[in-house]
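Asks: Listed here are the chains, written in short residue letters.
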Amino acid sequence: MDSTRKEWLLNALIAVALFAVPLWALMANEPFIITLATRIAILAVAAVGLNIALGLGGMVSFGHALYLGLGGYVAGIAAHHAFNGTPIFAGIPGTNQMLIIWAIAMVLSGALAAVVGALSLRTSGIFFIMITLAFAQMGFFFTLSWPAYGGEDGLPIFVRNQFPGMNTARPWDLFLIAYGVLIFSLAVFALLRAARFGAALMAIRQNPDRAAAIGISPFGIKLVGFILSGMITGLAGAMMADLTRFVSPVMMAWTMSGELIVIIILGGVGRLFGPVVGAALLVGFEVFFGGLTEHWKLWLGLVLLGVVLFARGGLIGLIAGRTQHG
Amino acid sequence: MADPVLELRGLSKSFGALKATDNVSLTLMPGEIHALIGPNGAGKTTLMGQISGKIAPDAGEVWLSGQNITAFSVAQRAKLGLGRSFQVSSLIPEYSAQRNVMLALQARQGHSFRFLKPVMRDSGLREAARAILARVGLDARASVESAVLSHGERRLLEIAVALALKPKCFLLDEPMAGLGAEGTARLVSFLHSLKEEAPILLVEHDMDAVFRLADRISVLVYGRIIATGSVADIRGNAEVRAVYLGEESPA
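Heads up: the sequence lines are chains P and Z, in that order. FYI, my numbering numbers position 188 of the first sequence as 188, with every residue one higher than the one before it. FYI, my numbering numbers position 25 of the second sequence as 25, with every residue one higher than the one before it.
It cannot be assumed that every hint is accurate.
[As the list claims (entries may be wrong)] Only part of the chain Z face toward chain P is listed, based on derived beta-carbon distances under 7 Å:
{"no.": "1", "residue": "Ala71"}
{"no.": "2", "residue": "Ala75"}
{"no.": "3", "residue": "Ser90"}
{"no.": "4", "residue": "Phe115"}
{"no.": "5", "residue": "Pro118"}
[To be verified] If you want the footprint, here are the derived chain Z segments under chain P, 3+ residues with CB under 8 Å:
{"no.": "6", "stretch": "102-114"}
{"no.": "7", "stretch": "226-237"}
Read the hints as simulated data drawn from the structure, not as lab findings. Don't be surprised by glycine CBs; every beta carbon is placed ideally from N, CA and C.
Work the whole structure out from these sequences, hints included.
Replies: Structure, rendered in structure tokens:
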């Protein structure tokens, strides 16, 4: 079997497993497991976003927590004002509708990514990493010192936002929403990767000089990739805030940016289902080894080391082999 | 006389005290192969960089079919019809030969901001790429990753990518490098037919190939063009023999 078919089969298996396990938990009345699966799905969406920039475009953003946090604050602030019946500003009311919140979170994240990208994509390598980090840290300290929405204490969401036809208070309903968004974001990633845009973006990652020499301007393509990347991670942020019913500056902390990168490396950089596998591994490690020892991150670090040294394609690459671009 | 396709007017570029390019002017006429030769360190790479747009000149202008492109970026120049190959093969390593050519075709057709239709289902793009690969004799290797191709095959793929751009002129940087006798002979006859399509500015170390191919030769020494002329002119030029040919073939 060639590696492309192997990867599709593996992807299908992962997609089914991520659905079947919480379904079993629903039957067995284990809401905690359902919530874990929801968390994996949402983290995976955030990482799918980063995978566009990092995996396809080779842009190592060390500041994607900025968009995650922005999405989170959009959900938190909208819910806060909807709950209190106060306007956000200039008479604009809050809302508790997820679909509206998601749209706003994506638009704002895209706009912010456009600004950050336009400035940071003029550099590359370590400078790009540091500039994206610097922007995320600015967001972190801004929210930290913003008393209107809780400052460092964060902002609770007292009643989870609503989705048409669903009861978001029930873990299974929330899981279905998160799973649906995950499949949507994976479809977007797969489409982008296969289209002319993806062909150009991946070519620029491998050889920007060649891309320019045939008339593909690296800057514009990378900027659009970076914006799309930020939008999807922002969407995940809004969902994450609704899952935990809480948003705080920690969502924008640099450790969060690092976690997203770790997820992608564990699962497989640039691989369609890499973020899903990576998120499942990270959450799984936290839950199972976190129960055994406080130092679970040490063991995660060893796994990460193993992956970087012996399985550069992440877990997906280990099982399905190298990517084939045809 | 026809207008030149590519024209350099008084290009100069210094790195500190070193004059890498010193008031270089040359023309590339329709249908000709104009070879640029010169000993190592003569400034060929710097000059190519200024033509392709990678390096900005301190003074002078670059004109492409009547348009001043001195201020244009590498990508803009490529779009306007400057098709270059690299001295060291510079392809998209993870892409197959066919996808490398498809990418060039995609770039020539316009922008790359298309997000939905899968490239590999674009039969027009695929077939056009196959046809170009067949022209350089690489069709049997179309689905091989370019990183896995042999050195000679990569040189041919460089040419195929340049062909796909349907450029107004070719800028070929040492296309024969490391090809061996047989590969060089094949490429020489191919380039001979290529010049009908668009003129070629050829930077090449292989003197035999240059003498067989070139309609005109310019000799670059210490950043200056010391002579331009036909093969016979250059062979007979005493100054050229002294500074350049003397080193290569002390005959």
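Asks: Would you check whether phenylalanine 115 (chain Z) satisfies its interface hint, that is, whether its CB is within less than 7 Å of any CB in chain P?
Replies: Check passed: Cβ of phenylalanine 115 (chain Z) comes within 5 Å of chain P, closer than 7 Å.
Asks: Hint serine 90 (chain Z) vs chain P: min CB-CB distance below 7 Å?
Replies: Because about 5 Å separates serine 90 (chain Z) from the closest Cβ in chain P, which is inside the 7 Å limit, the hint holds.
Asks: So, alanine 71 (chain Z) near chain P? Judge it on the closest CB pair being under 7 Å.
Replies: violated, 15 Å
Asks: Restraint: proline 118 (chain Z) near chain P, CB-CB cut 7 Å. Satisfied or not?
Replies: It holds, given that the least Cβ distance between proline 118 (chain Z) and chain P is near 4 Å, below 7 Å.
Asks: Three residues or more, CB to CB closer than 8 Å: is that satisfied between the stretch 102-114 of chain Z and chain P?
Replies: holds (count 9)
Asks: Under the criterion of a CB-CB separation shorter than 7 Å, is alanine 75 (chain Z) in contact with chain P as hinted?
Replies: At 4 Å from the nearest chain P Cβ, alanine 75 (chain Z) passes the 7 Å test, so the hint holds.
Asks: In terms of beta carbon proximity below 8 Å, does the stretch 226-237 of chain Z have 3 or more residues touching chain P?
Replies: Per the Cβ count (0), the hint is violated.
Violated hints, listed in ascending order, are 1 and 7; each of the other numbered hints is respected by the structure.
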